[in-house]
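**Q** Start from the sequences, fold in the hints, and give me the full structure.
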Amino acid sequence: MIGIEWYLGVSAVLFIIGVIGVLTRGNAIIIFMCVELMLSAVNITLVAFSSFMGDVHGMILVFFVLCVAAAEACVGLAIIIAIFRNNITADINKINLLRW
Amino acid sequence: MEILNDLLNYLPAAIVAVGGLVVMMMDGYKAKSRLIYQTTMFFLAGALVIATYDLLYQEVGTLFSDMAASGSTAAFGTFIVVFGTFFTVILTHDYLIGVKHNYPQVYPLLMFCTVGMIVLATANDLVTVFIGLETMSISLYALAGIIRDKQLGVESALKYFILGAFSTGFFLYGIALLYGATGSTNLSEIGAYTDGSMIYWGGVSMLLVAFFFKISAVPFHMWTPDVYTGSPTTITAYMSTASKTAAIVALVLILERALPYAADQITSTMAIIAIMTMVLGNTVAMVQDNVKRMLAYSSIAHVGYLLVGLAAGTDLGFTAVLYYLLAYSLMNIGAFGVVAYYEKNHDVHFNNIESYAGLGYKQPLMGILLSVFLLSLAGIPPLAGFIGKYLVFAAAVEAGLINLVIIGVLASAASAYFYLRVMVYLYFKESKEPVKLMKPLRVYSFSLVVLAVLTLYFGILPAGITELIASYFSGNGLAIVP
Amino acid sequence: METFFFVFISTLAIGTALAMVISKNTVNSALFMVLHMLSVAGFYTLLNAQFLAVIQILVYAGAIMVLFLFVIMLLNLDEDEKVVSKIDFKQLISFTLALVVLAQLLYITGNYAGVLPELTGEPIAAVGTVEAIGDELFTTFLLPFEVTAILLTAAVVGAMLLAQKTSNVIDE
Numbered sequence: 001m002i003g004i005e006w007y008l009g010v011s012a013v014l015f016i017i018g019v020i021g022v023l024t025r026g027n028a029i030i031i032f033m034c035v036e037l038m039l040s041a042v043n044i045t046l047v048a049f050s051s052f053m054g055d056v057h058g059m060i061l062v063f064f065v066l067c068v069a070a071a072e073a074c075v076g077l078a079i080i081i082a083i084f085r086n087n088i089t090a091d092i093n094k095i096n097l098l099r100w
Numbered sequence: 001m002e003i004l005n006d007l008l009n010y011l012p013a014a015i016v017a018v019g020g021l022v023v024m025m026m027d028g029y030k031a032k033s034r035l036i037y038q039t040t041m042f043f044l045a046g047a048l049v050i051a052t053y054d055l056l057y058q059e060v061g062t063l064f065s066d067m068a069a070s071g072s073t074a075a076f077g078t079f080i081v082v083f084g085t086f087f088t089v090i091l092t093h094d095y096l097i098g099v100k101h102n103y104p105q106v107y108p109l110l111m112f113c114t115v116g117m118i119v120l121a122t123a124n125d126l127v128t129v130f131i132g133l134e135t136m137s138i139s140l141y142a143l144a145g146i147i148r149d150k151q152l153g154v155e156s157a158l159k160y161f162i163l164g165a166f167s168t169g170f171f172l173y174g175i176a177l178l179y180g181a182t183g184s185t186n187l188s189e190i191g192a193y194t195d196g197s198m199i200y201w202g203g204v205s206m207l208l209v210a211f212f213f214k215i216s217a218v219p220f221h222m223w224t225p226d227v228y229t230g231s232p233t234t235i236t237a238y239m240s241t242a243s244k245t246a247a248i249v250a251l252v253l254i255l256e257r258a259l260p261y262a263a264d265q266i267t268s269t270m271a272i273i274a275i276m277t278m279v280l281g282n283t284v285a286m287v288q289d290n291v292k293r294m295l296a297y298s299s300i301a302h303v304g305y306l307l308v309g310l311a312a313g314t315d316l317g318f319t320a321v322l323y324y325l326l327a328y329s330l331m332n333i334g335a336f337g338v339v340a341y342y343e344k345n346h347d348v349h350f351n352n353i354e355s356y357a358g359l360g361y362k363q364p365l366m367g368i369l370l371s372v373f374l375l376s377l378a379g380i381p382p383l384a385g386f387i388g389k390y391l392v393f394a395a396a397v398e399a400g401l402i403n404l405v406i407i408g409v410l411a412s413a414a415s416a417y418f419y420l421r422v423m424v425y426l427y428f429k430e431s432k433e434p435v436k437l438m439k440p441l442r443v444y445s446f447s448l449v450v451l452a453v454l455t456l457y458f459g460i461l462p463a464g465i466t467e468l469i470a471s472y473f474s475g476n477g478l479a480i481v482p
Numbered sequence: 001m002e003t004f005f006f007v008f009i010s011t012l013a014i015g016t017a018l019a020m021v022i023s024k025n026t027v028n029s030a031l032f033m034v035l036h037m038l039s040v041a042g043f044y045t046l047l048n049a050q051f052l053a054v055i056q057i058l059v060y061a062g063a064i065m066v067l068f069l070f071v072i073m074l075l076n077l078d079e080d081e082k083v084v085s086k087i088d089f090k091q092l093i094s095f096t097l098a099l100v101v102l103a104q105l106l107y108i109t110g111n112y113a114g115v116l117p118e119l120t121g122e123p124i125a126a127v128g129t130v131e132a133i134g135d136e137l138f139t140t141f142l143l144p145f146e147v148t149a150i151l152l153t154a155a156v157v158g159a160m161l162l163a164q165k166t167s168n169v170i171d172e
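First to last, the protein sequences are chains A, B and C. Residue numbers for the first sequence follow my numbering, so the first one is 1 and each next one is one higher. Residue numbers for the second sequence follow my numbering, so the first one is 1 and each next one is one higher. Residue numbers for the third sequence follow my numbering, so the first one is 1 and each next one is one higher.
Keep in mind that a hint or two might mislead.
As the list claims (entries may be wrong) - These stretches of chain A come out as covered by chain C in the derived footprint (C-beta under 8 Å, 3 or more residues):
| id | region |
| --- | --- |
| 1 | 49-56 |
| 2 | 77-83 |
Said to hold, decoys possible - Footprint (simulated), chain A over chain B, 3 or more residues, beta carbon under 8 Å:
| id | region |
| --- | --- |
| 3 | 127-140 |
| 4 | 151-159 |
| 5 | 174-183 |
Said to hold, decoys possible - With the C-beta cut set under 8 Å, the calculated list includes, among others, these residues of chain B facing chain A:
| id | residue |
| --- | --- |
| 6 | I97 |
| 7 | G98 |
| 8 | R148 |
| 9 | A165 |
| 10 | F166 |
| 11 | G169 |
Rather than coming from a laboratory, the hints here were simulated on the basis of the structure. All residues carry an ideal CB built from backbone N, CA and C; glycine is no exception.
**A** Here it is in structure tokens:
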């Protein structure tokens, strides 16, 4: 029998892989995918809690997270297309018109 | 019919949502841009009337099986959000025509964004907080990129999107851990929890980090100046007032209902973040030559003052924060409105402080209005900004955070420099090249005058509104009102 | 058997996630992501959340990742890029910071066992069914559900606003 800690642990590892990806990669599309990775990692935590507690609310939150992830992908990819129209690059290190 | 009753209590959001859908369909059938704008204003005016009624008469309670709250702070947040949107749409319409980017999709997006803000400000459950926050953020990502054929515009949208989505991940992890620790997502059920396990603290800290991201507190402010500079000016006004109001009202609700157990630790965290935010926001604002960027840093500094009130964590502190949000919305929308007016007469990069030289005499009304808003932002009596700062710092003194107040007052005094600098350029510098300013539309200047009058009114007679807010919290916050 | 399945799924999930982050080619990344989403669906089945497992495959692998691949192909992004050109100071800092957070997360989740009295030792079967979820979704969670509709509409309108090419601005 697998305890809940194992699920939480795997989820934490996946979340941090996503965080590292966002912080170190330069390609905007890969960064979006890493954000999706973070969201789906949290979903594992939510489903694990929900399932072990016998409470359905966590799973419903996962349902909403899926909707949000879809909406974010939609707007994010539209932004990338708009960037390409102006800039012809997806490398965020080259996009640096704005600085402090 | 319980659901009908709930819907009646949630009418502002419902009206705005229906209005957004109607406006969206009108765009689909190629309606004239002016008609779309008028319909938007019609629905927003209806929502504003009902929000005002709710503000005064709505009973405190919960709606939709504990998912949302009604009355008190929720009604107050709804009112500020709808009020801010109402004026933003007036200013945005004129501004976008001026810069030739008046796309019809902007109006439904603004309406949907407002729905998200209302849901966020009235949320009584972490699920509702999450959905409201995301509806608001996703609409704002798109609105930040309205000027889509300029590199500056899309770039700010990309930055906003990446950092916003990143913080969403942390927010969600916070909710998940809190859910695991307490077994519920309902705010009051989380508040009933008093067994400080590690996982609870993990959840609380992740949640706070995500909120600091959204309200742009230092050190999570990196996106703010870029996004505020790159977005259309009136949308920047909208982002810095309505969206911050919604997020901070939600934060007040969460702190008050869900996390009383963690109050002590939150106070010390908030105090440190508040100091960093005030100091950094004000010092960096001093060296900015771009007025829009200066206002972006000034909005970071104002978040610092708001955090002082949250750090106090008392009923008095929350009262001060809510009052401050109202005052801040009035003066910031106004200031950005005048900046947008100057900008649309030239090109998008007309924001350098040099180019403001002598403009105060060209259109005297606009010059006076900008001065009023800037003086209020600087916290000079008898304007609303002064009362807001006074209440926040008084609450912090009451809570014994003397050091915090000293730093705050010093930072606030220093901030007068960069606000007054703009006025010096407006009135005491000669312009190098002749600038021709178009006469502003009557509705444009009229709405700015309304904002200025309200700024003055709430500065001179704050007692009515502060008493109203103080009655939301059980404490006796009336004693220190000037 | 269950332990074997768990170990297999978690190796697959972590492996594909790592491969997604470090692969040079964007298309490869996207395909690894699809595989990752399938393995996450495996976790859901293990936790008795059948409905979510199906939705996960349909929405993530079926819709979102197809959208990603579509955009990658549309914009010709499938060229190789260097992942780590040289050891960057900023990257090093973010890497260390992330590892510290990971250690903290593992610590707090490792100490979780038995905090709640009603926590049973194993997943409960009756929770993750379509019936249980649908029942709550349309009663208790009615408001968030309706707002989700607005959220998705807003996303579509926003995408239209950003990605439209011809400007159809009619000024008067």
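**Q** Hint by hint, say whether it matches the structure.
**A** Verification of the hints:
no.	hint	result
1	49-56	holds (count 7)
2	77-83	holds (count 6)
3	127-140	holds (count 5)
4	151-159	holds (count 8)
5	174-183	holds (count 6)
6	I97	violated, 21 Å
7	G98	violated, 21 Å
8	R148	holds, 5 Å
9	A165	holds, 4 Å
10	F166	holds, 6 Å
11	G169	holds, 4 Å
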